[in-house]
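J.: Keeping their order, the protein sequence lines are chains G and C. With positions in the first sequence counted from 1, the corresponding number in our numbering is that position plus 195. With positions in the second sequence counted from 1, the corresponding number in our numbering is that position plus 6.
Everything labelled a hint here was simulated from the structure, so no lab data went into it. Values in this document were obtained by computation on a predicted structure and should not be read as measured data.
Cβ-to-Cβ under 8 Å is the rule here; a few derived chain G residues that face chain C:
no.: 1; residue: G227
no.: 2; residue: L251
no.: 3; residue: A276
no.: 4; residue: A330
What the simulated footprint calls covered on chain G by chain C, stretch by stretch (three residues with Cβ under 8 Å from a Cβ of chain C suffice, anywhere in the stretch; the number is not a length):
no.: 5; segment: 233-239
no.: 6; segment: 243-249
no.: 7; segment: 253-259
no.: 8; segment: 279-288
no.: 9; segment: 304-316
Virtual Cβ for every residue (Gly too), placed ideally from N, Cα, C.
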Amino acid sequence: MTTTIPAPRTPRRLRGRTNTELYAWMFMRASGVLLLILVFTHLFVNLMTGDGINALDFGFVAGKWADPVWQVWDLLMLWLAMLHGTNGLRTIINDYAERDQLRLWLKVGLYTATTITIVLGTLVIFTFDPCPPDAAADLLPSFCSVP
Amino acid sequence: MWSWVAHRVTGIGIFFFLFAHILDTALVRVSPEAYNEVIATYKNPVVGLLEVGLVAAVIFHGFNGLRIVLVDFWSKGPRYQKHLFVGVIALWVLLMVPFTIRHLSHVFGG
Ligand code: HEM
Chain G
196 MTTTIPAPRT PRRLRGRTNT ELYAWMFMRA SGVLLLILVF THLFVNLMTG
246 DGINALDFGF VAGKWADPVW QVWDLLMLWL AMLHGTNGLR TIINDYAERD
296 QLRLWLKVGL YTATTITIVL GTLVIFTFDP CPPDAAADLL PSFCSVP
Chain C
7 MWSWVAHRVT GIGIFFFLFA HILDTALVRV SPEAYNEVIA TYKNPVVGLL
57 EVGLVAAVIF HGFNGLRIVL VDFWSKGPRY QKHLFVGVIA LWVLLMVPFT
107 IRHLSHVFGG
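One chain only, chain G, in its complex shape (with noise of 0.2 Å):
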């Protein structure tokens, strides 16, 4: 398991098989590039406009999740955040975790946690309905009253 960096000017074959961290490495940049359009836009659009934070609540979210666009920025926001981020952890978790066990587990939990959380997230945004036929109407969006 261990992640050892053959010295500069190693001659390629013996440097070992795969270009995985050079992926890795190019998957942070391009991923980051984008995620600084997406969570600034989101954190614009939630926190500056309107009444900020104080408008959130579930109306809020329903209304923006009736727009596929949304959907599609919020499912792009999820996914690359959270490999960026999970990433970006393997990377600390070889940097600290010196003992080969603690390391393994660590990873071990990290990648669950990272499964099931977009899993998850995905599961939501593709099956949310902005209009729950059993929810006190006040709660929801204006456009669920519409006939």
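Fit chain C with the ligand to the known structure of chain G by using the hints.
T.: The following block gives chain C with the ligand in isolation, referenced to the frame of chain G:
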């Protein structure tokens, strides 16, 4: 060196917040009441101040991440990395001032 420490600390902090954020948002799938109840527990000055800290962390991590990308890919990036860091701090202040004023007036102004 310190920008690296700050990038790492903010990255870890944002990541753990993200878990909580996805789980509480998932409550919209349970019922409007469940979601609103949990969100209501966040609407107090202590959480309001934590939110300012969180946004401060995100803005720093985001702009500093962009600086890392420029240092790695822009041919003049490494030469100007110090200037780029000044830029990160300047942009951070530029966004944090209006955000803090607006957010805290929502939190404390009702
Ligand atoms: C807002 C836009 C963001 C940008 C531009 C960005 C950029 C970056 C970059 C370029 C790195 C790689 C550093 C390296 O390989 O040396 C990185 C690391 C990291 N990021 Fe982000 N990031 C962003 C958002 C996030 C979010 C939302 C999270 C949390 C879910 C996060 C968590 C992390 C972590 C934990 C690391 C690892 C730090 C380390 O290895 O020291 N980042 N970020």
